[in-house]
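What the sequence shown shows, in numbering that gives the first Met the number 0, is residues 0 to 225, in sequence order.
Everything labelled a hint here was simulated from the structure, so no lab data went into it. The model shown is predicted, which means the values in this text are computed figures rather than measured ones. Glycine included, every Cβ here is placed at the ideal spot set by N, Cα and C.
Subject to a maximum C-alpha distance of 25 Å in a straight line, what follows is the list of computed SDA-like cross-link-like pairs (lysine to any residue): (1) Lys54 <-> Ser67; (2) Lys145 <-> Asn90; (3) Lys113 <-> Gly164; (4) Lys150 <-> Ala112; (5) Lys184 <-> Met114; (6) Lys17 <-> Tyr178.
Derived CB-CB ranges, DEER-like: (7) Pro161 <-> Ala84: 27 to 35 Å; (8) Arg102 <-> Asn12: 41 to 49 Å; (9) Ala66 <-> Arg204: 40 to 48 Å; (10) Ser67 <-> Tyr98: 54 to 62 Å; (11) Leu217 <-> Asp89: 22 to 30 Å; (12) Arg154 <-> Val183: 15 to 23 Å; (13) Arg69 <-> Gly163: 45 to 53 Å; (14) Ser223 <-> Thr91: 29 to 37 Å.
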Amino acid sequence: MDVHMPAAAAVVNIFAPKSSRVIRALLVNAGRDWSEREIAKAADVSSGMAHYVCKSLEEHGYLARGASNRMVLVDPVRMLKRWAAYNQYDNTNKFLDYYTFEREIEGFMRNIAKMKLPYAATVLTGAWLVAPFVRPTDLHFYVPDKGTAEKIAARLGLNPTPRGGNVKFVIPYDEGVFYGRQEVKGVKVVSKVQLYVDLYNYPARGEEAASRLLDMILREWHVSRK
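Required output: the full structure, derived from the provided sequences and hints.
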């Protein structure tokens, strides 16, 4: 299969699932320089995809090349905000609802922290761990597939429900959401970049939590708000 034609078609929208893997890798590692081969490997995309996404980012003024032809982000804040504005967490992912009788979030977190299965907290659940501001009323965790959700639910004694659950396992639009996953108080959480993107358009005070998280990201990047 020719990797160049599918890649070219995919990056008509640089925030499409596969092409956004490149953006995520660049933002999670803001400050370092890259070759296209390194970006492709980090983002787990084809060399053709990496080339076309990087070319598009250069044209939009997000990437610049040095004398050695290595690339570096020149406007990570603008790119992060643009991606966040585009992303619609509620509409692009699949949700599996469960119910827990555990009243204390802290108790639930201690239990899920013991899980060896792949998962990552996001939206207000992740924000509560990373940059405490809004206490979540329901808990959201990315999982790679339905089977993983069922295994975690069984071990935690969760009950499936058609809708309105207070625990939601989220099958993501693309597995790239797990890139740069961190651990906070023993609980696996998506990267700060992914967390900001998920929160930005999330209802129930998501934008407020995103703004607080952005301050933390900018301090790590050593840049100021624009």
